[in-house]
Amino acid sequence: MRYRNVWSEVPPAEVVNTPSRFDHAIGPFNVVISDACDHCLKCTAACPEKVFESRGGKLAPPKDHLCLGIDCSTKSTRCVRSCPVGAIRVGINPDARALGDRRWTSDLLMSTWHMAETGRVPKNGLEYRIGGSGGGFDKLRLVFPRRLPRPSLDKDSIDTSVTLNRRNDGRHKIDIPIPVYGGGMSFGSISQITMLARIRAFAAWGSFTCTGEGGYPEALYPFDDHIITQVATGLFGVREETLQRVKIIEFKYAQGAKPGLGGHLLGPKVTEAVARIRETVPGSSLFSPFPFHSVYSVEDHKKHVDWVKAVNTKALVSVKVSTPSDVDMVAIGSYHAGAHILHIDGSYGGTGAAPDVAKKNIAMPVEYAIPKVHNFLVEEGVRKEITLIASGGIRTAFDIAKAIALGADGVVTGTSDLVSLECLRCHNCESGRGCARGIATTDLELVGLMDLQWASQRIINMLACWREQLREILYRFGLGSIRELVGRTDLLAHLDYTSDVPDDDIRDQLR
Amino acid sequence: MPRKYHIDVQATPNRYPVIGRSGIVDWGEGCLKCAQCVKYQCVYNVYRERSFSSDILADTIDQFCKNCFRCVQGCPKRLIHKTLNPEWEALGDDIYTPEIVSATWTQAETGKIPVSGAGYGGAFSGPGFDSMWTDMSEIVRPTRDGIHGREYISTVVEISNRPFNLEFDSVGKIRTGQWPFARIPLPIMFDFPRFGDLSERVWQAMALAAAEIDTMMVVPAEQAQALAEFSHHLVPFLEDDRLDGALIERHRMVQIPDGENAIERVSRLKAMKADLLVSVRIGAAGGPDLAARSAELTRAGVDLVHYTADERGYEAGVENGRHIKDVARNVHGVLLQERLRDQATFMVSGGIAMAEHVIKSMLCGANLVAVDMPLLVALECRVCRNCVAGARCPVQISSIDPRWGSRRIVNLMGAWHNQLLEMMGAMGIREARRLRGEQGRVMFIEDLEEDTFARLLGNSKS
Amino acid sequence: MKYDGSFAQQIIGSRVRELQRGGFSANLKREDEGGCGVTGFACNVPVAGRYIFEPSVCMHNRGNGKGGGVAAAGMNPDMLGVSREVLDSHYLLNVALLEPQCLSALKEGFVNPVFDVAREELVGHIPDYRELEGLDVRPPDIWRAFVRVKPQVLKLFIEENGLQGIPARLAEDEFVSRNSLRLNRQFYSSLGEKEAFVLSHGRNVMIMKIVGYAENVVRYYKMDDFQAHVWIAHQRYPTRGRVWHPGGAHPFTGLNEALVHNGDFANYHATCDYLKQRGLEPLFMTDTEVSVMLFDLWNRVYGYPLEVIIEALAPTGELDFDLLPPEKQELYDKIQMTHLHASPDGPWFFIIARNITESNTYQLLGITDTAMLRPQVFALYDGEVQIGLICSEKQAIDATLRSLSEDDPRFSPVADKYWNARGGSSSDGGAFMFNVSPNGNGTHKLECFDKFGNQVTVAPRKPLDVTVEVIRPDNHESEIRPTLTDVLGSDEPERVFRLVSENAAGWDYNMLRWMIGRLGFRARTQPKVLNVVIEGLTMVLDRRFPLADKKRSVLVRLVVDELFEIFRSLPRISDATQMGSYCLVDFATRNDFRPPISVEKTLVVDASDFRPEGDDCDAVLISDAYQLGWRRFIIFDLRGQRFEGCGFGSMTDTVRIDLYGSSGDYTASGIDGMQIHIHGNAQDQIGQIMKRGLLVIHGDVGQCFMYGAKGGEVFVLGNAAGRPLINAAGHPRVVINGTALDFLAESFMAGDPLKGGGFVIVNGLTLDEDGKVIFFDRPYPGSNLFSLASGGAIYIRDPNKIIVDEQLNGGRLAKLSDADWDLILPYLQANEKHFGIPVDELLTVDGVRRLPHEVYRKVEAVPLAVLTQIPETDDSVWSAKSAAAGH
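Protein chains in written order, with the numbering used here: chain V, 1 to 511; chain A, 1 to 462; chain W, 1 to 887.
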């Protein structure tokens, strides 16, 4: 690994190979070397994926997560048959079955880890586009034309940027080069390293990251121009000074992980540092109400937006809401209140702790909400003046493309960033000392499990891979810009309504 | 919150080690015995706390493990692996899934609502209750903050055949006299479990819990005799026509099965005790006539119409039986047509396995629900149905200490209560009574699909 | 005598038959709304329509110009070209013609066969709607008629529906409302084309509405001089964009009432189901229509007493229910059990104008929901004329009174009393009504009652007749002039204050006016005394002192007028020839804006023409002025302008802002170091995220005061409405001399007050017109105090131990320690300095001086150990309480 940057600099948006920080990564296959191995190292030459490497003249433990599988390994030129002593066995990794859930299957976790390590789509047959939820994005497919519509298109010049201010109101003009920015995760719920890693990675790509509710630590100041500061219902750490630092201010009305519910940060997580940033007292639990106690109507909402506009006369205003049945009305209300960005957060996302009862029962999945809002804004004739951002269950580049084809301009991610840092969704963020893998914790020992440069690079790699995938998708559709994909539901098919949907795997060669 | 409506919970440990989702496979062979063994570094001290349980004759490690995989990824010789626990996968059935059974155990143990991080990990949707979402309120409709107790959300409901409206005289004094009613602090009654390793101890545990949270429990008449000390909270189910005056005198409410002479029995019972509440139980296949029958019974003065589906929540004894949520919608609609909805109290039971099912049933049209199987699951039932087959209960529920059992059930109800508050808070509904039939606060997947994918993608060519 | 509801079954039965029982069609709600501006007033003399105009303009930012409406009740018959007899006996049919050519068909179908028409007309309007600014959609033509049901038609109706024995008038009422329903169904809801609908059809009640701001109703239909006793208006904020007709605008009517609504229901669907079972189906599909249907059903068909209707709408709960007398509990329990499905689950606030025909009373009624989530202010002035007002914002009340008093000297720009209702409470029931009823001699009287029938009055004092000229008192030369010279020469504002406060009781209005006028004259002519007069008069304005037979509202009016005149006489920023320590800027000269030069110290802003928000608001102007070097600001004649003090950024310790007039929402939000003095009542969301500094409010403060505040020292003379200090953290230190409606210091997280954390002192008192301290019976009336707080404390003056554990959802009562007293005493002393409320008096109970811990109680957070463990549910809080109780 090359570490060129000091922490306060924005790193370059380049892929750098960044392997797991643990002794070994988890992949779909298990490569076992028996005691018979005599370290002849013939396998290192036989494997195209560099599973086998020598360390000090001896065979290092194999990087079996890179293995392409049993079929590959048993080919005549490959490892199993090239081993003179028959010491290599390749099998299915039993760990993989114990990983993941319906939304983030073990395949999706492993393929995201692969992207974060290598910046490339995994070649070993792992599913990298959809999860196993059996609905929504997981039943939608991109329908590529049988022939390339515009073969002359230069893939590298395909535009994936999104305009965030579509009003002509004298406030900042901001375009982000990738159709994604980082969603709010507060300092306190995640470690400062995680927070900075996300900020640096999105900054590398010219995009933004939201601070979440927990205030604005000084360590973020070098990245002011890439930060969205959040005004959430607890108003923790919100000061005029922080509102004036940034180019985008986000009002968080609700979040998909627990729509309509308040939140709390437990006493033990309120460390000295957390308390200082939030201007509270260490060890004392913090509660966020739902909703804003000063906003009980659309009219109050406008007043609220007017307030931050009076405090920062240049900043854009984003309004983050979740997805009730009247989300279209909320959207148009926010437009009239003067918002630049409407951010709808569907009910299947979220990173923080939430009551399980809230996770799937309240508010609608974002797949329904995006077209509802998009079409309503079109009908009302204001779609061109507001940027529609979707989140809450966006896991892959394919989810991004589908969300945009359903009507969003761009997306916000959260969980996938954490997965690229090797989160494996054990759902125990809140238990004991917090995240055992050092991502969502403020426990000093656990925080030390992760290095800032490593973490930043993993996310940069994943974003790089996503952008390449998006460009490939657009190329296959013959679109020169991702803006042309917005609302193109004709490019989608749903397995429940269309039979015979062709596979949309972009690892397959074009016909 | 008024103290009287609070449910006190207290930690009540399991008798048997719980069955965890995944297991640690730990090969001792080839171990380097390195000084830095990952087992010592376990964040959750799993390896230090493990022991051998003589109850299940097994290692307890899987109870403690929280699947962080650090030992799996950290062992230099890769001797530690994780797999799904087959015993866990075999728990329950398609309705009482392993997830629901485990979550119920945890709630019965702790009384706390399940909270976890990292978002939702389940299926997009499913049959029955999984095909609907409750609505929430944003900006234009404020809500209150459920369990954070910011504002009082009432879960109280009444069971009664109510007047359509009140009457006042010309100087404004009320003319409508008091009608009999029972008020319970949760929209949840207990119903007797369909099967189980039942014993006097188990009945006592359930009755004790019903008394403690001040709800009511339907019990067979003979059990009502045995549990006379809880009569205020018991609803004897009078299967046959025998009328025991002393029994009726002791109880606020009785239940009879529906049948040809049911209406006549209702009037006879009411004649015996004017303020007696009478419930009629409609079991098995209600079919399309169910709704009309509910209206008929309400018109005849029945205080509570209790529809029971099978324990999975579907109409019993018919092919392609409807789910209770659809039954509730149907009955609710017909009661509205007949202009009887505000008089009637309609309750469903069967298949109510989680707190969210309570709210969803009510939004579909029930005034309240009754629970049955979760009472047993709180007592560590694995829904293995061994008892149905006459085999031995793996956790010997019949031998429990009734006080332990009652605490477990109270804990479960306490946790459910808080979940009701969360969902009602999100909906902006302050009174459980207002949930009944409030279909403006619910989204059904068939409607969402129709509005979205069917409309946008229904005709797309492949 | 009120109808007793005995024919309810027959009426409902016939309605249901007419509805055919057919489909329980889906309950479609066409649009969501929530934010609105609502206003209304009732007066014992008829008032012209132009006076509903000013408050409507004032509430522009609560609407978006996509729906406005007004209603009048108790009208002057001359304005309508009918006799008093016809106006009182006939139904006034107002029909909006969206397609004017449908009129003949409409009359053929629904008027000629059934009604005798006493008079009909097409309502006049100005020729071109585009002349009116902000009016983009042509308002409908309105056909108006005064009708009675033909006797034979009514007879047939009674027979067909089994209503024999019902008073004929009630049957006629029912016929009229059903006829309109049929008309609406045919011409409005059943067609693809919407052609016409009935705006109103009651007796001596009239509704008009348009797509536009409410005041344009008055302008377009030329109602500037149209007189009525009761007016209400509504500015709507519908979210849906393209609205081409006013069907969804407020007010809505049942029969003899008009209702406007600010809010939104969570249980619209079930409420519709309740109505449909009673033969009522919404056609316009808004919450407001449903609300008025409920009101009309309960009032006219069921004959419920008004108290019962209010209880059915806003049920009494929690502690308040327990505080009701047993017979009320029994009644309310029955109401709740039978009506809860129809009770709108808030937030909402209704204003109703209605004609109570059985007693010839015109009524203005305001009802708030139990959670009190919508802003509401009531006001009463009782002088030569009597007027009661209900508005969503105080500046709308001020605007109404201002415009009335400018044209008619009997009115005062300042009311005698302003207050908030406490929704669903045992004290006032959350509802107040102003009844205008005949005196018997052709005049009317106005009386105000709460839900329980308790009358609200103001002290009977002499009103001021401003038409009487002020004459020079005899002792002017001998006493007044030397005294003034002496006092003003002292350079002590306190002496100006004492001059007025110590003598005012003995003065008559002439003397009072003369004295204040002379002070003003001196200030305007002698720059040397300018400062002492401004500060002295400000103290006179802020403080209470004995006035004997004179009204305080008169004093306030005189002082405010004089101060504004002084301010307006100051050198303008654009005027290079004059310069002093004060410099005046107004909307017209805002572009001449510059840094302070030489002796200039204070920037005085005439706020009257500034926008309430946006780039052209005065708050942005003064924040820019701060950047240019200005540090002292006086902003006067505020009319609801928002965000004062916002945007200055951090470390503003050298800044002081004084606000006069109707200051607006979000004042002092986020301030960090500066001081702001509000000379009068403050509005909603004051001091949100306030960090540091001083805020003094010489009056009441509105909803959500200091939400999320981190610090600062704040003194409030009066009450804080709902939800003060929610989620405040850090170290705010607040003295509230009055009390709060409810939800005080919820989720307070202000650490340990004894170690630098924050606290709130609640004194639970009010000052009467003469400045006498009156302690409330219940120092804190709400059911929720310090809910789920994890830090900070409330020090509450509660010598009679009225606060009970049930009010504390998470906090606990503790004894006041010496350390606590040492901590709060300096704040009580500062409070004495700001408001003249002596610490001694606070410690006096029933005439006896007590020790601090006998008078003040401390509400503190349950020890942190609890909250640092896992409060995943509220159980931890409860078990902590039980644990604490057990030890």
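Treat the hints loosely; a few may be bogus.
Unchecked claim - With a cut-off of at most 25 Å between alpha-carbon atoms, the simulated PhoX-like pairs for lysine-lysine come out as follows: (1) V:Lys139 to V:Lys75; (2) A:Lys66 to A:Lys77; (3) V:Lys63 to A:Lys39; (4) V:Lys123 to V:Lys50; (5) A:Lys33 to V:Lys50; (6) A:Lys39 to A:Lys66; (7) A:Lys173 to W:Lys2; (8) A:Lys39 to A:Lys77; (9) W:Lys601 to W:Lys528; (10) W:Lys328 to A:Lys173; (11) W:Lys150 to W:Lys194; (12) W:Lys107 to W:Lys194; (13) A:Lys66 to V:Lys58; (14) W:Lys2 to W:Lys328; (15) A:Lys33 to A:Lys77; (16) W:Lys417 to W:Lys107; (17) A:Lys33 to V:Lys63; (18) W:Lys2 to W:Lys445; (19) V:Lys63 to A:Lys77; (20) A:Lys77 to V:Lys58; (21) V:Lys314 to V:Lys384; (22) A:Lys33 to A:Lys66; (23) V:Lys123 to V:Lys63; (24) V:Lys63 to V:Lys247; (25) A:Lys39 to V:Lys42; (26) V:Lys173 to V:Lys139; (27) W:Lys155 to W:Lys194.
To be verified - So the derived label-pair ranges between C-beta atoms look like this: (28) V:Glu385 to W:Arg611: 30 to 36 Å; (29) A:Arg183 to W:Pro100: 55 to 61 Å; (30) A:Phe444 to W:Pro77: 50 to 56 Å.
If you're looking for bench data, these hints aren't it; they were derived computationally from the structure.
For every residue, glycine included, the Cβ atom is placed at its ideal position computed from N, Cα and C.
Violations among the numbered hints: 1, 5, 11, 13, 16, 24, 25, 26, 27, 28
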